[in-house]
Amino acid sequence: MTEEILWVNDNLLFLMDILGTFAFACSGALAGIAKRFDPVGVVVLAFVTAIGGGTLRDILIGNFPVLWLKNDIAIVVISIAAIIAMLAGKWLQKIPYILFIFDAIGLGLFTIYGIELGLKSGLSIEICIALGTITACFGGVIRDVLLNTVPLIFYHEIYVMACVAGAVLYFILGALGVHLFWTRIFSMLLIILIRIVVVKYHLSLPKFYLKR
Amino acid sequence: MTEEILWVNDNLLFLMDILGTFAFACSGALAGIAKRFDPVGVVVLAFVTAIGGGTLRDILIGNFPVLWLKNDIAIVVISIAAIIAMLAGKWLQKIPYILFIFDAIGLGLFTIYGIELGLKSGLSIEICIALGTITACFGGVIRDVLLNTVPLIFYHEIYVMACVAGAVLYFILGALGVHLFWTRIFSMLLIILIRIVVVKYHLSLPKFYLKR
Amino acid sequence: MTEEILWVNDNLLFLMDILGTFAFACSGALAGIAKRFDPVGVVVLAFVTAIGGGTLRDILIGNFPVLWLKNDIAIVVISIAAIIAMLAGKWLQKIPYILFIFDAIGLGLFTIYGIELGLKSGLSIEICIALGTITACFGGVIRDVLLNTVPLIFYHEIYVMACVAGAVLYFILGALGVHLFWTRIFSMLLIILIRIVVVKYHLSLPKFYLKR
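Protein chains in written order, with this note's numbering: chain A, 48 to 259; chain B, 48 to 259; chain C, 48 to 259.
FYI, nobody ran anything at the bench for these hints, they're computed from the structure.
Honestly, I wouldn't trust all of these hints.
Identical copies go unnamed one by one, so any copy, or any two together, can satisfy a pair.
[Stated by the list, open to error] Taking lysine-lysine and the DSBU-like style, the derived pairs with C-alpha atoms no more than 35 Å apart in a straight line are:
(1) K141 <-> K247
(2) K167 <-> K82
(3) K82 <-> K137
(4) K247 <-> K117
(5) K117 <-> K82
(6) K137 <-> K117
Here chain A stands alone, though its shape is the one from the complex (with noise of 0.2 Å):
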């Protein structure tokens, strides 16, 4: 029984890596297209966009070689997400919402990834959940460092707090003895319905001190 449901949920948690890595992708590759980059800087984009939050991750906690080094998958996804996004980018744009659940996923996703491989080093508990959103966060940060705007991150749409909320509903639950399938799937999608609350009602944090 047991057996099944981890069948299940390794079956599953590869199905989400490689849809989370291909929207990570697939934004990358767009922002790429929308600042006219060469096909190039389009994939190159689209990589540093999907493999960054887990690149720093890997190398924070020393795990080398970092993953994506040991996993050609992920360069096939990733290269197909890029070609996708410059051969159908604008049929893309027009359903952004396809491409926000992708990234949601992959949100969610790679923040549970991050706190595992944080917990397999015998790290903290709040030290896991800061790993999970950097596993999450950063790919973007880097995108768009490179893109040379200030991170969406420090403006917009309670991003990292969802992965935090996220990763403690994961801890709660694993405390409470939940089963490590469930304590995943609710995990994620409290950050998905996070982001989506978040986006539909464009909410934001209070900047109380700019009051002051």
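Since the structure of chain A is provided, determine the placement of chains B and C on it from the hints.
Below, chains B and C without anything else, positioned relative to chain A:
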């Protein structure tokens, strides 16, 4: 006697480490507030500014997981600094002198830290001087990159030279057989002194090549 | 005979490594001078441009401490390059051809270096091609990020493609059983040749997706 000195020494280092981290975190937080980041963005920038230099140093020498992953107190100090900056930013900006002193202390301390970690890794003297300078200066570089501005150290206030001068003094005193405690103190004091003199008299290095 | 070839080979690699490091350091220093950095800023930018790509490569594959920490000669060459650039910048800018050739040589050499370090780490061929390209191109990316501009490689001159083409040739020649010495030489020559042709005829990749 030596024991007592080392006891003073360690407590002093610990205190100055916290002060330095606090100072760098404040400078990052205030920069984020000035750019009207949301509160999470302010915390992230404070964090990156305070731990960026040490993280790069740990990565370059292969010290994994990087120190702040093993040291929850850094996260606590940085969060407190960010919250204080958000609540009392206006007030803090009225007394830049205190922040400047903290920053100079942090600069001195992080330079010495970098040197000693380099020595522990068996690196050459000039490499250790570079490491100490990177530790002290690169948190600010990363902060400026994320703020989408050209790093201050490229233009102003003999920031890098102060660290190099202190690092060189560290090795001169060491070669003269001065006790480690006083070597650290004098090197840090030189860095702090240079920073104070430079800022007080608006000194900068001559750009001789611009005359040509 | 083979020994003799390898002897030539190693001396040649060493010479080209120094030339390449010198060239990349000059390009960084000249960029800093153009931005009116202070002398220390110029040296820092020269340093980052020359060692940035190799440092990122070492970090990704987990080669610590990164090579330049163990190699004082890099610091010496880079410092000399920066000083020459400051004293003779005007003169150097009048003969960009020399700098361009140095840069192309550096590009070729650093690509091969990255590939061979990847192979030593037991990475797959396509990953080694990526590593070689990163080694050659990312010093310039970091330089541009610090200069607060969008990295040139995203827009211009088939910079990345030249490295990829040379890297692919390296593996084709290897598969054909060509001697390592000639494999290295021909791969580097291809990269240099592509760069010369591209710059001479102002070639760039078609942005087919902009027509859509």
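Now for the hints, and whether the structure bears them out:
{"no.": "1", "hint": "K141 <-> K247", "verdict": "within (17 Å within a copy, 40 Å between copies)"}
{"no.": "2", "hint": "K167 <-> K82", "verdict": "neither (40 Å within a copy, 37 Å between copies)"}
{"no.": "3", "hint": "K82 <-> K137", "verdict": "both (14 Å within a copy, 33 Å between copies)"}
{"no.": "4", "hint": "K247 <-> K117", "verdict": "neither (38 Å within a copy, 38 Å between copies)"}
{"no.": "5", "hint": "K117 <-> K82", "verdict": "within (31 Å within a copy, 40 Å between copies)"}
{"no.": "6", "hint": "K137 <-> K117", "verdict": "within (33 Å within a copy, 46 Å between copies)"}
Comparing the model with each earlier hint shows violations of hints 2 and 4; every other hint is respected.
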